[in-house]
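Number of protein chains: 2
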Amino acid sequence: MSSSTALLTDHYELTMLASALRDGTAHRECVFEVFTRRLPNGRRYGVAGGIGRVLDAVENFRFGEAELAQLAEHEVVDERTLDWLRDYRFSGQIDGYPEGELYFPGSPLLTVRGTFAEAVVLETVILSILNHDSAIAAAAARMVSAANGRRIIEMGSRRTHEESAVSAARIAYLAGFTATSNLEAGRRYGIPTTGTAAHAFTLLHDSEASAFESQIAALGTGTTLLVDTYDISRGIDLAVRTAGTGLGAVRIDSGDVGVLARQAREQLDSLGATGTRVVVSGDLDEYAIASLRAEPVDGYGVGTSLVTGSGAPTAEMVYKLVEVEGRPVAKRSSHKESRGGRKAAIRRCKETGTAVEEVVHGADAEPSLGPHDRHVQIPMIRDGKLVDDLPTLEQDRERLRRALVTLPWEGLKLSNGEPAIPTVFLGS
Amino acid sequence: MSSSTALLTDHYELTMLASALRDGTAHRECVFEVFTRRLPNGRRYGVAGGIGRVLDAVENFRFGEAELAQLAEHEVVDERTLDWLRDYRFSGQIDGYPEGELYFPGSPLLTVRGTFAEAVVLETVILSILNHDSAIAAAAARMVSAANGRRIIEMGSRRTHEESAVSAARIAYLAGFTATSNLEAGRRYGIPTTGTAAHAFTLLHDSEASAFESQIAALGTGTTLLVDTYDISRGIDLAVRTAGTGLGAVRIDSGDVGVLARQAREQLDSLGATGTRVVVSGDLDEYAIASLRAEPVDGYGVGTSLVTGSGAPTAEMVYKLVEVEGRPVAKRSSHKESRGGRKAAIRRCKETGTAVEEVVHGADAEPSLGPHDRHVQIPMIRDGKLVDDLPTLEQDRERLRRALVTLPWEGLKLSNGEPAIPTVFLGS
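Going down the list, the protein sequences come from chains A and B.
First residue of the first sequence? That's 1 in our numbering, and the numbers climb one at a time after it.
First residue of the second sequence? That's 1 in our numbering, and the numbers climb one at a time after it.
No lab work stands behind these hints, which were simulated from the structure alone.
Bear in mind that the values here come from a model prediction, so they are computed numbers and not experimental data.
Mixed in with the good hints there might be a few duds.
[What the hints assert, rightly or not] Some chain B residues judged to face chain A by a derived CB distance under 7 Å, without partners named:
#, residue
1, R159
2, E162
3, S164
4, G326
5, V329
6, K385
Think of the CB as a built atom: it goes at the ideal place given N, C-alpha and C, for glycine as much as any other residue.
Bound-form chain A, shown alone (with noise of 0.2 Å):
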């Protein structure tokens, strides 16, 4: 696999290039503009996500030999645009919210700044990357939100793409999560990751006894046993008796867990253990998570529902040309239209800190700003180059974990309804 990101992109994004660098329009000065029309399935917020590897594609976005070479052969593109892209190195500028940061429709996400040519080449990965990465941080945020403080581990790998699992895991963890299961993220991006064992390994076997005490004996009686491979109550009076009343937790995979999770936690007590923390697992989504709180669960595993955006896999931006050589531009067919011109966003905010609207003006038309108001975009590349002191994970972490506090009380319900704040227009 190549650590180029160039052709990870689609192939009219070339042939576009192709024509205007021919026709000499390919230099014209261009705004481009991430944003969506909507939030999916009536969800009251959306939390900005990929932002920091939309940065490290744009880096990586070069034409090796290898990539002209199969350009070539294909002949995607002519001569003279080979020879362009020999030399690429997006040379402009990237402003955006930053990750972890909530937006709401219209929000300007993304505005990359630079000739048609330097822009227009990176729709499609900052694309893939926004479109992915949002639409995971908004299920995880909900779901941290309604685990309410309590433990949660992403551990939903093994049901999406394999590189798609390794971005659920950071994403996950930019939202709260405690830890992922999955070790390439703990890799690359320096995530807890953690684990234990699986039915698998108690049916391996001769008896659920020697599973346990092979696992304890590996891991410490600190560790957590899975105890419903066959029968969840013979299991927790089996784990307590081979790791004694120190045992870490147990974990309930399968059933109804609100109620077996309240039969275990009493099981546990009676036995001595109540320190044994009960986590559960098993197709668990936000809304489960909530029905969950009056539970005496200490800790949620969370795969499918996370992975696949529970319910919204992709968060629906697009990358928009809003100005051309100083010119506002938009589509104007449809009802999906778009309004021209570069622009920025203002959060409006009372003296409490909540948020009370999301301003979108033109970049040069700035309203006066309040007390407590804030600009949302930051600067992230400027001619090309990455600048000084962009936020860290753990940072954007803890952006987001404030900024959820930031919204009205309504924002934060699980229920289908409106955004949590409107988008007001400005000029244009």
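Once you've looked at the hints, dock chain B against the given chain A.
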């Protein structure tokens, strides 16, 4: 990015390995089976997708120094396990459904035989690939059926993770899509790629006329002009005036594409451009495609719905330990119980070739094979090596095309319902 697939793995696979190496059970001969308990969303059939990628992933499942260092540093496993992983190379047997084959609930899609140690560690990456690719495959096959012989192009890269996009393009081709927009899929899998221009190209220019002129100069009159940037009928008029009646195609990407396609056809015909094709795109799924059957549409561009599995983004497959040292094993605590023992499948068919049922039987208790029945699994890996003459992507594409013809007529209905043929479990 490393080409090793070894860390695309859940942490617990390796802690299970460590425990099992410690207690000696790691070397027990095991059989793991991949299957799904149900088809998502009332689908009538599943399509095996990703098998070729699974075989590649197994070959590249090696722990190099970079992977081992990561595991050592984070104390995922002990020294003994690191030593064992250093020499890891799958040496067992894999049988499975070839790519493009249909499957049903309980079909033994993949059977992995080897020691517990060498088979358990493959679980995550095998499931990631099969769950993603088979989800896309089923959606893609339904779209191709709905298109009923018309050309259909995959252009969903921007709506999904950048690497899922490449795999989705491969699967779309498997399912009968004509081409993809994804250049990396072209490089990696030799799939035809295609594309011309987006609205940005028109907006970049001083007028629609100059955009069309430029595109035709670069790509010839056989190109596809996107005619809905401003006003569709004026766009079509301009397109034919600019390219002549030999224009290849017009594309409409917005609005009620059925009505607009009809109007476009009439207008093109009236202008003498009777050979110019009408291509539509924009939020099409299998239902929208089917609803356009009566309209004069020559080709479809499909994006979001394809790459998100059209409502079923994961195939819900599991990888279950079913046999240890020749002894069937199965979890027993809940309704999610599975059937123990290594299995295989026979597709029972009528003389006409129509499939009648999926017979899943113990691998050692094969029922008699009727004259039109066939074994569904094929050998894929023997003693760790790929068998000779594994099918190519083109052969698998043809396999799926033929397989869909064997479904009972209800099987191709897009509406929700029961699987097209029942699964019958023999013995066990």
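Review point. Hint numbers the structure violates, sorted upward?
Key: 4 and 6
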